[in-house]
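One line per chain: the protein sequences are A, B, C and D, in this order.
Taking my numbering, the leading residue of the first sequence gets 108, the next gets one more, and so forth.
Taking my numbering, the leading residue of the second sequence gets 108, the next gets one more, and so forth.
Taking my numbering, the leading residue of the third sequence gets 108, the next gets one more, and so forth.
Taking my numbering, the leading residue of the fourth sequence gets 108, the next gets one more, and so forth.
Take these hints with a grain of salt, some might be off.
A pair counts as met if it fits within one copy or between any two copies, since identical chains are not told apart.
Claimed, not checked - Simulated pairs of lysine to aspartate or glutamate, DMTMM-like, Cα-Cα distance not exceeding 25 Å:
1. Lys355 to Asp486
2. Lys507 to Asp370
3. Lys480 to Glu571
4. Lys355 to Glu185
5. Lys480 to Glu520
6. Lys194 to Asp563
7. Lys194 to Asp325
What the hints contain is simulated information worked out from the structure, not anything from laboratory work.
Here the structure is a predicted model, which means the values were calculated and not measured.
Below, each chain spelled out in residue letters.
Number of protein chains: 4
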Amino acid sequence: MHDPIPLPVLRSTPGRGDAHREKKEKCGVVGIWGHPAAARLTYLAMYAQQHRGQESAGIAISDGHALTGFTGMGLVPEIFDSDTLEKLARSGPIAAIGHNRYSTAGGSLSCNAQPLIESYIAGQVGLAHNGNLINAEALRYAYEEAGHIFHTTSDTEVIIHLLASPQQQKSPDPLAATLRRLQGAFSLAFLFPDRIEVARDPWAWRPLVLGYLPAEADETGRPLGKPHEQGYPIVASETVALDVLGAKFIREIEPGEILCISDRGIHSRRFALPAPRLAKCVFEHVYFANPASNVFGQNVQTVREMLGEKLAAEAPVAADCVMPMPDSGRSAAAGYARASGIPYREGIVPNRYVGRTFIKPSQAERAAAVRLKLNVVSDIVAGKKLIVVDDSIVRGTTTKAKMDQLRQAGAKEIHLRISCPPIRHPCYFGVDFATRDQLIAHGREVEEIRRFLGVDSLHYLTLEGMLACVHGEARHWCTACYSGDYRLDPEHPVTDIVADSPQMAMFEQ
Amino acid sequence: MHDPIPLPVLRSTPGRGDAHREKKEKCGVVGIWGHPAAARLTYLAMYAQQHRGQESAGIAISDGHALTGFTGMGLVPEIFDSDTLEKLARSGPIAAIGHNRYSTAGGSLSCNAQPLIESYIAGQVGLAHNGNLINAEALRYAYEEAGHIFHTTSDTEVIIHLLASPQQQKSPDPLAATLRRLQGAFSLAFLFPDRIEVARDPWAWRPLVLGYLPAEADETGRPLGKPHEQGYPIVASETVALDVLGAKFIREIEPGEILCISDRGIHSRRFALPAPRLAKCVFEHVYFANPASNVFGQNVQTVREMLGEKLAAEAPVAADCVMPMPDSGRSAAAGYARASGIPYREGIVPNRYVGRTFIKPSQAERAAAVRLKLNVVSDIVAGKKLIVVDDSIVRGTTTKAKMDQLRQAGAKEIHLRISCPPIRHPCYFGVDFATRDQLIAHGREVEEIRRFLGVDSLHYLTLEGMLACVHGEARHWCTACYSGDYRLDPEHPVTDIVADSPQMAMFEQ
Amino acid sequence: MHDPIPLPVLRSTPGRGDAHREKKEKCGVVGIWGHPAAARLTYLAMYAQQHRGQESAGIAISDGHALTGFTGMGLVPEIFDSDTLEKLARSGPIAAIGHNRYSTAGGSLSCNAQPLIESYIAGQVGLAHNGNLINAEALRYAYEEAGHIFHTTSDTEVIIHLLASPQQQKSPDPLAATLRRLQGAFSLAFLFPDRIEVARDPWAWRPLVLGYLPAEADETGRPLGKPHEQGYPIVASETVALDVLGAKFIREIEPGEILCISDRGIHSRRFALPAPRLAKCVFEHVYFANPASNVFGQNVQTVREMLGEKLAAEAPVAADCVMPMPDSGRSAAAGYARASGIPYREGIVPNRYVGRTFIKPSQAERAAAVRLKLNVVSDIVAGKKLIVVDDSIVRGTTTKAKMDQLRQAGAKEIHLRISCPPIRHPCYFGVDFATRDQLIAHGREVEEIRRFLGVDSLHYLTLEGMLACVHGEARHWCTACYSGDYRLDPEHPVTDIVADSPQMAMFEQ
Amino acid sequence: MHDPIPLPVLRSTPGRGDAHREKKEKCGVVGIWGHPAAARLTYLAMYAQQHRGQESAGIAISDGHALTGFTGMGLVPEIFDSDTLEKLARSGPIAAIGHNRYSTAGGSLSCNAQPLIESYIAGQVGLAHNGNLINAEALRYAYEEAGHIFHTTSDTEVIIHLLASPQQQKSPDPLAATLRRLQGAFSLAFLFPDRIEVARDPWAWRPLVLGYLPAEADETGRPLGKPHEQGYPIVASETVALDVLGAKFIREIEPGEILCISDRGIHSRRFALPAPRLAKCVFEHVYFANPASNVFGQNVQTVREMLGEKLAAEAPVAADCVMPMPDSGRSAAAGYARASGIPYREGIVPNRYVGRTFIKPSQAERAAAVRLKLNVVSDIVAGKKLIVVDDSIVRGTTTKAKMDQLRQAGAKEIHLRISCPPIRHPCYFGVDFATRDQLIAHGREVEEIRRFLGVDSLHYLTLEGMLACVHGEARHWCTACYSGDYRLDPEHPVTDIVADSPQMAMFEQ
């Protein structure tokens, strides 16, 4: 040991260091420009978009010269207390972006909380991302081969590596050149010291909207901060964030568009043409978005009621009442009840306070912890024929537990109605259902699922029925999780640097 | 100053030290005997009863010899983390009582968190109280005159002073003698080192039920802890706590009854006859209790639906939809929709994540914080005639804000329907509405209220209509907040020591 | 069980509910009048007196009308963060009292944290206590028999019961009448809404001093708060608290004196004559007080150096160096080195950062956690003859561990010198050594102790040697822990209400 | 705005994104192999090295396949509570590295806390670094130009970029190739999933030692974890960490050496020859290291006493006592007293509990917060001629405040003695003194400094005097902060990739 002679060097097990990579993200983004309370307003907007992600959240701000930020694990109000918001406000922000991150099935790592803030040759950049890239892993591998290091396990970090690389930096529009390299779903908010830039993928997978907050003045009548003529620009994943802040909705960011927001105004440019066939995520309407939001130009709550009505038309049954699974099945159940004329009754009551319970040991306590979340109203259920309505079934275990609770409470018949088709294929574009094998409907007939759940009848809304409730041509909706019709092939993403998708290439200089 | 000669002594401003007393409490109690996981099970039961009080919570345990406990401000899961539960479990409890405390209008003080744990001549005692005493202040004053000191500002502490005083201690049954001195509403759980004693006032104001948790065995087949023949006794304010733990409901505690629960079994005795006219709180059905609970022998959800049906019968109106105020008006709205045949639609969507928001400064931010809690679905509201259903109106300010939001979203007509009569009188028995002057309906006609709220029509369910939905004779329900018909006169409580109410006196020895 | 017939009532095991009483307290008190930053200044003074108690701390403030406060477990800076101090400051205090509580051997309970704040017939009162009463238990029992309830297990609460009782309230000076009932050591700071009253027992057991903070003015030249002519009055256990705040020391509170501090000035009165034989605690000089303080009219550091010099004279030995046990033996070691001419060398280095270590499992880790606190400098110790100086030995286990560490590091000879006599008797007046049996010197000769510790020689300073270093007549010092000469008999406190000690009786009206 | 036409692209202000870079680090590192309690033992070792850095700390562990870790701001016991240690332990670590980070003058950022954990082409790597690189900025700039992104502002991250880059990866020994590229001070601990590799720069700037923890067995006699024949290998910055854990010291890591520690044993290799002229940091002896440690082969406490003796020889003066500035001047003061025969007396007493005080507003409170840290013993100081001994003066402001306190307490004469020469030049190799202009001695004669401090005489130990106290040739010690004799030119670091320092080049393949 005391002989300082070079010896054979140990190497880590070869591989790509990918043991802990996470892949799927379903998130919310927001950006606000020119308001001195940008951080606090972003916090409120993130609160309004909390349903889009509960794993972690963060805010990045610019004071015009440098970026700072704060991220944490948990819900927005758990991460940001008054001290933290105060500290962010003290630095005199002129702009802020925020991010809500979804709790994925795999391990959750604090290093993945967004917005990411990194330094590169052009200065600092913050980034918040909603969606999922299918060529991130290939790009990451290529960069690792070129000697780059990665701090997170998320697909978002690769976007900054692209932006920072000489190839893009040499381009007259490095950001556009970067975005042309991405394949998959991305609604992005970039924060630079002197501007916000937002962009949406050419397939329009995830929503992203622009609005204006009304200009405010201080007590002397001078405008607060630096409003544009129409007010302070705000971008967000959903219109509900605009509504909460009292902002006026202007329009969606268009597929393939970049908006650059700064003191000089808002400038739009394209990094790609819209895809010939868009891929608007129909699951935003079925489950993910806030009912009060307008998504892809249509109100979510209204769509969900129509899904319920359509379900009543497709699968009518004589019963005592229509009963929603709270809170997810409530809108469709109301539609079903309206269409069928069967009374709407709530026989399952959620406990509004349940978060974590610190209960481990005995079986009895574990069962209690489960029952705590949903209380069954025996008087409404016992001896009755029930039509139970829910929005979707993923793995089936939770649904089975709920059906069992209803049986134990004395339900005579249970007719389960689901307001979308069976989910049989994984999503590679931003919804982390589960792996293929964990999907109850993967490789199973509806009758098999019915037996597993122990219900008297089971009907899923048909693909046609579902698409009849949403606007626009059916071909512009992504229904891959139901149909397997993937717009991009996740197994064969385009990895090489020049061969981009055609609608992007024409913008390349 | 250097002359140590006695000088005139300064006295505090004379008075009764009552500057900071709180009066009203609306809470939940629970007690579990004989189970080694009594503390953890009590925690789960408190979680199930969280809707009865969100200001503070606590658990007191006995290891058979001494009491310890833990209380804190906030929600149950905020107060009890795994470490705290672990610590309580380590002491080897054989019994536990728990308490949820309601957030009252006035200042909230951590010293008022329950269960109280105090020492007196007979040892230690823990106490959890649901209800409110009208003679507490008079008794407190009498005790202060006799030289007693008070640690809290709650009416509950006086019960322990009564129990500790020689007058009661000399009695063959000090606890019964103590309870005979109390006027008002009280469902009580006492924890002594060797027993739990629970009691309910002779008027039956607040609910209190008994059940059994099924006996459990360890891996060797020996029973865990010390179950009774039927299982581990559990008492709770509501049946939902029993359901969550998988306990079997046995019966209500009777008015004027004490149950003593110990290793020797459960012994029932009376400290008073039931009042000739009971005072069951009808507001438990209207608003307070969990829909899944059976309260005063009737399911709460079913009662609420019937209130909505009755409302439809009393005040029909042509409209596009029946819309609940979430979450309070949902049950009655379903009943109204069912009875009227008008579709049930949810046009107001609650944000499930809103707790505290740390927003102070500008008007715009404050308005946003309000909108954050409820998102209006414009597409459902705009241009429509709405029947909006809620359970009650207290001060009216929140309701007005909601109606304004609906108008701004373009509602064409708003017909507000309330599933109970106007609240015109304060409650002195456990519901902290507000002072008389703060009640919107106090001294105001319905038409005045309608104008204030800015709705097109307003109807409150009649007293008769409401009482037709609940079981039993109308005279046994307390409707004082609607009718002013107080069972006991809060202004003239019986304060002197011997003159107790007649139904109690016959038990005095 | 369904038969509501009175049955035999279960009683708790008879007794006095005293299972969990704590007895000994060694603490610090402070009080500040008239300064708007009274709470923050009190916090600083408590910080300066942190050495007098690390278990818990608290502040009570008056805004002129009502008292509020905050207490917690741990060190002053752990309990009071900026938010808490801010909150106390916001209420506009005109006065504050503070308390540091000592970590006693037995269980520590958060309910015992001081200042106590209670309500009684005359209003609110806050109380901070340094010392220990020997008749507290008897008084508590008497009060419990009279029906009083107790919230804490400390001896301090009984003082408020005395004050509140009609017997004292009827007196023209209830506070003086209360103090005349107390037997033992007490330096007290009472906070009433309109005044601070401080008092010291007739035996002068514990220190208590008065000073003035210089008056301050705001930017307009108007005085801040309500200073007296000489400034803002401050009382504290030790002069170091005055020094830290820049206050001028005026004098000690005299034995048997009450000072009443209010807007009307400072008024002195007596509740008792000084005891014919005082009982100043010599252990304040030996160990407890801050070296920078003047206690009982003499500087502590100087006294400690003299104790070391005297030790060198009493027990000289040839050695390589004089080595202090850090930090307690440093002053005496310097004195020993100076007197003996043997070099002073620090061979044991404390780790300044050690608090709690979260290490449980293995023996190796436990040993490491012990070594972490004190690092031995092998180069200084190995092969050397050491004179090790410490201030005292209580249980002996820690000392033995330290001696073993020195031996393992290769010490050739260890001559242990202790700067006070063997502690052979418990203290009932405010120092919580241990029980009699836990004292290493109880019933053991010095030679036995030397063998147990494994040192080559051991010398304790003689009683005469020690008393030669402090001013005043030897008879006025309490040396009970060394000599067993107790000023009051702890086993037979005067419990009955009229028979007070003679020096108090002449003041009774 | 609605015209999606490419517009001129805004760029961030050009530059290198370096606004927030921190440069200096003075830290502690530790690494433990093969012990199942590696995380907890690392925590204890970090506790023992807490004096080397109080800003942040962290632990990274390997379970043999993947790395995880935890870092935080503050002291070791503030960052690691029992839950966090438990969580790290649960993952079944086989190795851990730890890091203490120094609080630098500039802003402290949580992203800079170490160990860094990053992914690169060969997998994961964790890194803890003590020292400072002078070519980090140039390398970082070069990497940024090549498109790399940076997550931290510390110089350590560039080491991982080097390691990850193809140039090094292509080398038969990528780690050695990486280290050859570094200029400056570096004692490094790398954690790979299957091994720890530690290295020390060819100049030996910072200490780094190897030891063995004794092998442990479980209750069945089987060895715990995977000890080597001599025990579990441990590396640490200082021997005190080994002592605390009961580990046996083996030897220093040699300049230019890499140790690879794995299940296969410990293998030593060289990445460079030792520099012809070493640069051992003499300031480790003067101030930085723990007195109980042996650093560069010599005990620190003994060296410090010798510095005091030398000081007494160089600058004798008649005085009443020798008084240390606590705690830094204590060792030298003892040496001075021993050599001069003048008594050692402690007239300044530190408050052991002072951390942060939350005091802002008034001047009086600020002054109090300063006095809180050090209490002057007036009785020892007043009217006396004092020799005050401290280890060094950096900016001079703190020293001046202390001297003023002594004057106010009545000191008659103050003779200040400093146990090292004037610090006139910044350190670029790991001690963050301050910038050149902030150094009181920069460009000032001793007489000027004496007048500024207001002392009667001032003497700094001479360079020769200082170097006479440490072993080895004077030319092998780095005294740049005193003499300006920098071993490497910080203004002209070798930046280009091939031209390495000669002693490294011969190892290049």
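Here's how the hints hold up against the structure:
1. Lys355 to Asp486: Answer is between; shortest inter-copy Cα gap is 16 Å, intra-copy 46 Å.
2. Lys507 to Asp370: neither (55 Å within a copy, 39 Å between copies)
3. Lys480 to Glu571: neither (34 Å within a copy, 35 Å between copies)
4. Lys355 to Glu185: Cα proximity of Lys355 and Glu185: none, with 29 Å in one copy and 37 Å across.
5. Lys480 to Glu520: within (23 Å within a copy, 37 Å between copies)
6. Lys194 to Asp563: neither (57 Å within a copy, 45 Å between copies)
7. Lys194 to Asp325: Within. Shortest intra-copy distance 21 Å satisfies the 25 Å Cα cut-off; inter-copy 28 Å does not.
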